[in-house]
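Undergrad: Residues per chain, in single letters:
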Amino acid sequence: MSVPRRPTDPSGLERYYVLTKGRSGPGGSASSLDVATLIVSRAAPAPGMQHEHAEIIRRCREPLSVAELGAHLHLPFNILAVLLADLLEAGRVEARDPIPAHDAGRGPDLALLEEVLSGLERL
Amino acid sequence: MDLKGFDQPGSAAAGETRSVKVMIAGGFGTGKTTMVRSVSDIKPLTTEETLTQASADVDRLIGVADKTETTVSLDFGKISINDSLVLYLFGTPGQERFWFLWNGLFKGALGAVVLVDTRRLASSFRAIEEMERQNVPFVVALNVFPDSKDYPVEEIRDALDISPHIPVVACDARDRTSSRDVLVALIRHLKERSAVVLESR
Ligand SMILES: Nc1nc2c(ncn2[C@@H]2O[C@H](COP(=O)(O)OP(=O)(O)OP(=O)(O)O)[C@@H](O)[C@H]2O)c(=O)[nH]1
Ligand SMILES: [Mg+2]
Numbered sequence: 001m002s003v004p005r006r007p008t009d010p011s012g013l014e015r016y017y018v019l020t021k022g023r024s025g026p027g028g029s030a031s032s033l034d035v036a037t038l039i040v041s042r043a044a045p046a047p048g049m050q051h052e053h054a055e056i057i058r059r060c061r062e063p064l065s066v067a068e069l070g071a072h073l074h075l076p077f078n079i080l081a082v083l084l085a086d087l088l089e090a091g092r093v094e095a096r097d098p099i100p101a102h103d104a105g106r107g108p109d110l111a112l113l114e115e116v117l118s119g120l121e122r123l
Numbered sequence: 124m125d126l127k128g129f130d131q132p133g134s135a136a137a138g139e140t141r142s143v144k145v146m147i148a149g150g151f152g153t154g155k156t157t158m159v160r161s162v163s164d165i166k167p168l169t170t171e172e173t174l175t176q177a178s179a180d181v182d183r184l185i186g187v188a189d190k191t192e193t194t195v196s197l198d199f200g201k202i203s204i205n206d207s208l209v210l211y212l213f214g215t216p217g218q219e220r221f222w223f224l225w226n227g228l229f230k231g232a233l234g235a236v237v238l239v240d241t242r243r244l245a246s247s248f249r250a251i252e253e254m255e256r257q258n259v260p261f262v263v264a265l266n267v268f269p270d271s272k273d274y275p276v277e278e279i280r281d282a283l284d285i286s287p288h289i290p291v292v293a294c295d296a297r298d299r300t301s302s303r304d305v306l307v308a309l310i311r312h313l314k315e316r317s318a319v320v321l322e323s324r
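Chains as they are written, first to last, in our numbering: chain E, 1 to 123; chain A, 124 to 324.
Check before you lean on any hint, since a few could be wrong.
Think about it this way: if two alpha-carbon atoms lie no more than 20 Å apart in a straight line, the pair counts; the simulated EDC-like pairs of lysine to aspartate or glutamate are [what the hints assert, rightly or not]:
1) LYS21/E <-> GLU52/E
2) LYS314/A <-> ASP109/E
3) LYS314/A <-> GLU121/E
4) LYS166/A <-> GLU94/E
5) LYS314/A <-> GLU255/A
6) LYS230/A <-> ASP86/E
7) LYS314/A <-> GLU114/E
8) LYS166/A <-> GLU255/A
9) LYS230/A <-> ASP109/E
10) LYS314/A <-> GLU62/E
Treat the hints as calculated values from the structure; they're not laboratory data.
Excised from the complex, chain E in its bound form:
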């Protein structure tokens, strides 16, 4: 067996490992995160906070989707979800899942479809 060599490339997987402290997937409140979930900051970045956490908080003063955050921060979905889980647990951001066309209990949301339709027709 060969001795593992120290990684010379701090980007890619090693970078993700450092960012997430080796955690591979989000748990709890972040496990339902969707690419279209909107993230909104609920507090200011705290001093000494991990750079990426602070960056997320700054970018989400106005609601921003998880997909947009991933694109701006150049982070894959799973890595971002781990970071978002930290912030959600600390109450620093809020997550709003996309509205489905129909809710389990309430049936189809016709008003929502009507709203989307009139928006599209104005384009």
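With the hints as your guide, set chain A with the ligands onto chain E.
TA: Just chain A with the ligands, lined up with the frame of chain E:
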């Protein structure tokens, strides 16, 4: 730039902003990225997911056992419906076997557009199967290329083996209005389906 203090709550509209999502699916090279681009309000972006060697199954899937990192991307765009509602459009990767990467990619979507290139109908079979399997309501959009033949819609419907209530519309994915019209057809279809559900109660 509007730099709001955190001690003041944001504008009411921003505070209540909600999102909906629509998927743009279809076979390899059928014009998914083109459609997302043409109809988006923002410069379309790409979000990525990384496959790691940790998953041997995935490595076998993509046939690169010695590769440690593979990136699969998802293009997306957004349309402001009104002050408090944003529509996100996601163009799925052409290789359907990567769809599992994004935690329930189709879950919570209003519906999907399945793009079809009539010169290569079969390339969209998998996308249609997947919509049916995951119960995602969809419309079929025939992306017209210069050398596309004009097939009767019934022939296409038959070849795709889709039920008669599913709308089939022609479009030019490069054109904003044409792509918008496909989305309109999808939402109208969703409304009709909802009306049927509500009536049958
Ligand atoms: N003539 C014509 N060409 C188109 C149209 N839509 C897309 N194209 C071209 O077709 C090619 C493929 O389009 P893409 O939008 O990249 O297709 P895609 O479905 O995203 O492809 P993958 O992501 O690789 O599966 C590009 O060269 C486009 O410029 C169309 O409506 N008409
Ligand atoms: Mg594409």
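Undergrad: Are the hints correct? Go through all of them and say.
TA: Each hint, compared with the structure:
Proposed proximity of LYS21/E and GLU52/E is supported: the alpha carbons are some 13 Å apart, at most 20 Å. As the CA atoms of LYS314/A and ASP109/E are separated by approximately 9 Å, the hinted pair is consistent with the 20 Å bound. Straight-line distance between C-alpha atoms of LYS314/A and GLU121/E comes to about 15 Å, which keeps the hinted pair within the 20 Å bound. Annotation: proposed proximity of LYS166/A to GLU94/E is violated, straight-line Cα distance about 25 Å (limit 20 Å).
With a CA separation close to 18 Å, the supplied pair LYS314/A and GLU255/A stays within the 20 Å bound. For the hint pairing LYS230/A with ASP86/E, the CA-to-CA distance comes to about 24 Å; that exceeds 20 Å, so the pair is violated. The hinted pair formed by LYS314/A and GLU114/E meets the criterion: a straight-line CA distance of about 8 Å does not exceed 20 Å. Restraint check for LYS166/A and GLU255/A: not satisfied, since their Cα atoms lie roughly 31 Å apart, outside the 20 Å limit.
Distance restraint check for LYS230/A and ASP109/E: the Cα-Cα separation of roughly 16 Å lies within the 20 Å cut-off, and the hinted pair is therefore satisfied. Our distance criterion of 20 Å between C-alpha atoms is broken by LYS314/A and GLU62/E, whose separation comes to about 30 Å.
When held up to the earlier numbered hints, the structure conflicts with 4, 6, 8 and 10 and fits the remainder.
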